[in-house]
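Now for the letters of each chain:
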Amino acid sequence: MSQDELRQLLSSLPEDAELAARAARARRGALARLEQPVRARGGWLWAPALAVFVLVLAAGVWANRARRVEPLLWSPPAPHIAVAPLPAPQRATAPKRIPRPAPRAGKQERLELHLALSDGTRVQWIFDKNFSL
Amino acid sequence: MSKAILILILAPALLLAEEAQTKTVRLKHQSPESIQRLLNNARLRISVSNEFNALMLLGSPEEVKTAEATIAQYDTPRRQAEFVLRVIEASSLPQATNDAADLVPGELKSLLRYSRYAQRDSAIARGMEAEWLYLGLAGNLRGSLRFRIQSDPASPQLSVFLRIQGKPQVLGDAKSPYTPTLLETSAGVKDGETVVLGASKMQENTAALIVLLTAKLLP
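Which chain is which? The protein sequence lines are X and G, in order. When we follow the numbering used here, the leftmost residue of the first sequence carries the number 169, and every step to the right adds one. When we follow the numbering used here, the leftmost residue of the second sequence carries the number -9, and every step to the right adds one.
Since the hints were derived computationally from the structure, they do not count as laboratory data. Treat the hints with care, since some could be wrong.
As the list claims (entries may be wrong) - A few chain X residues that don't get close to chain G, going by computed Cβ distances all over 10 Å: (1) Asp172; (2) Glu173; (3) Asp184; (4) Ala188; (5) Ala191; (6) Val222; (7) Arg236; (8) Pro245; (9) Ala252.
Claimed, not checked - List time: in silico EDC-like cross-link candidates among lysine to aspartate or glutamate, alpha-carbon distance up to 20 Å: (10) Lys99(G) with Glu280(X); (11) Lys157(G) with Asp296(X); (12) Lys99(G) with Asp287(X); (13) Lys191(G) with Glu280(X); (14) Lys180(G) with Asp287(X); (15) Lys191(G) with Asp296(X); (16) Lys297(X) with Glu174(G); (17) Lys264(X) with Asp163(G).
Every residue gets a Cβ at the ideal spot worked out from N, C-alpha and C, and that includes glycine.
Pulled out of the complex, with its shape left as it was, chain X reads as follows:
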């Protein structure tokens, strides 16, 4: 191939219809790429939520079953109170309270008397109401 033919081949442009078709194909491809991830993202969000809901539902059903008490195979008879052979209660007699001798109000209980006898002997005499030898 001569130089002139190569230069002509490289400098030649496609036809207008070819350019329009290529541009339309490129636009469609770009639009398809743009819409595809959005659809995928929406699907991946719903899937874990649905799985968790299913798991919670299953756990609730299991817990409800486990909580239930199975009926006894044999029921014991009801207990009854035995009668004890005890005497009937009697009223206790209250012990008699002997009060301590209380001093009467208003009367003098103690009187201390100081005397000096003629020989110089000093006497201190105590009169006490509660004195009992």
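Mind docking chain G on chain X? Use the hints.
Relative to chain X, chain G alone:
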């Protein structure tokens, strides 16, 4: 300006700090509590140390000096004394003995109008000043005695507290017995003096308790 305010604030505090004085006094004979009670003064601050038998005084120099003088006056060696007690029961019962009639002064007997004087017990007690002396007397009687030297050493007078308790009695359904006090009094007794202490009922003079107390200071 700020320096002047600072001086005005600090000057009274510095003056007070100079006035207050702290002094520690070690006691030789008496307990710190008894001396503290003696020095009970609102202006003088006293701290007691039983461990070191000491008093710490905080106050003005004059107050501390006065307190020191008081401590020196009262922190004297504790004296020892001997007491002779004759416990006599006076009554008018004809069957009662009359072996202590001579011990009771005749003038007192004429005032009392009892006919019989029986000696129940006699006891000698010897002890230190401010210490309790306990006596077990005949007929389930119990005595307790304590004395202090009241006046100056030249003519000492003993302030004696005496309590005679009777036979324990159980009243009603009480669990612990009740011990009646027959005689309880304080008497000032001179060295070598005998004092007559008596107790009876006010109106029913069926019996009386007479204690002849003789005190003697020991060297």
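Practice task
Could you check that no beta carbon of chain G comes within 10 Å of the beta carbon of Asp184(X)?
Solution key: Given that every Cβ of chain G is farther than 10 Å from that of Asp184(X), nearest at about 97 Å, it holds.
Handout entry: Pair hint outcome, Lys180(G) versus Asp287(X) [Cα-Cα no greater than 20 Å]
Key = holds (15 Å)
Handout entry: Assertion that Pro245(X) lies farther than 10 Å from chain G (Cβ)
Key = Fine: 51 Å to the nearest Cβ keeps Pro245(X) off the interface.
Exercise for the section: Over 10 Å to the closest beta carbon of chain G is the bar; see if Arg236(X) clears it. Expected result: Consistent with the label, Arg236(X) stays out of reach of chain G, its closest Cβ about 63 Å off (over 10 Å).
Practice task
Would you check the hint for Lys191(G) and Glu280(X), treating anything up to 20 Å between C-alpha atoms as holding?
Solution key: holds (11 Å)
Problem - Satisfaction of hint between Asp296(X) and Lys157(G), Cα-Cα up to 20 Å - result: holds (17 Å)
Problem - Outside-interface status for Ala252(X) - nearest CB in chain G farther than 10 Å - result: Correct as stated: the minimum Cβ-Cβ distance to chain G is 32 Å, above 10 Å.
Exercise for the section: Could you grab the alpha-carbon distance between Lys191(G) and Asp296(X) and see if it respects the 20 Å cut-off? Expected result: Satisfied, since the Cα-Cα distance of roughly 5 Å is no more than 20 Å.
Practice task
Below or equal to 20 Å on CA atoms is what counts here, so check Lys264(X) against Asp163(G).
Solution key: Given pair Lys264(X), Asp163(G) holds - Cα atoms ~9 Å apart, limit 20 Å.
Practice task
Measure nothing beyond the straight line between the CA atoms of Lys99(G) and Asp287(X); if it is 20 Å or shorter, mark the hint as holding.
Solution key: holds (14 Å)
Practice task
With 10 Å as the threshold, tell me whether Glu173(X) passes as away from chain G on beta-carbon distances.
Solution key: Answer for Glu173(X): holds, closest chain G Cβ roughly 106 Å.
Practice task
Decide if the proposed pair is consistent with the structure: Lys297(X) and Glu174(G), CA atoms, cutoff 20 Å inclusive.
Solution key: holds (13 Å)
The structure meets every hint from the earlier list without exception.
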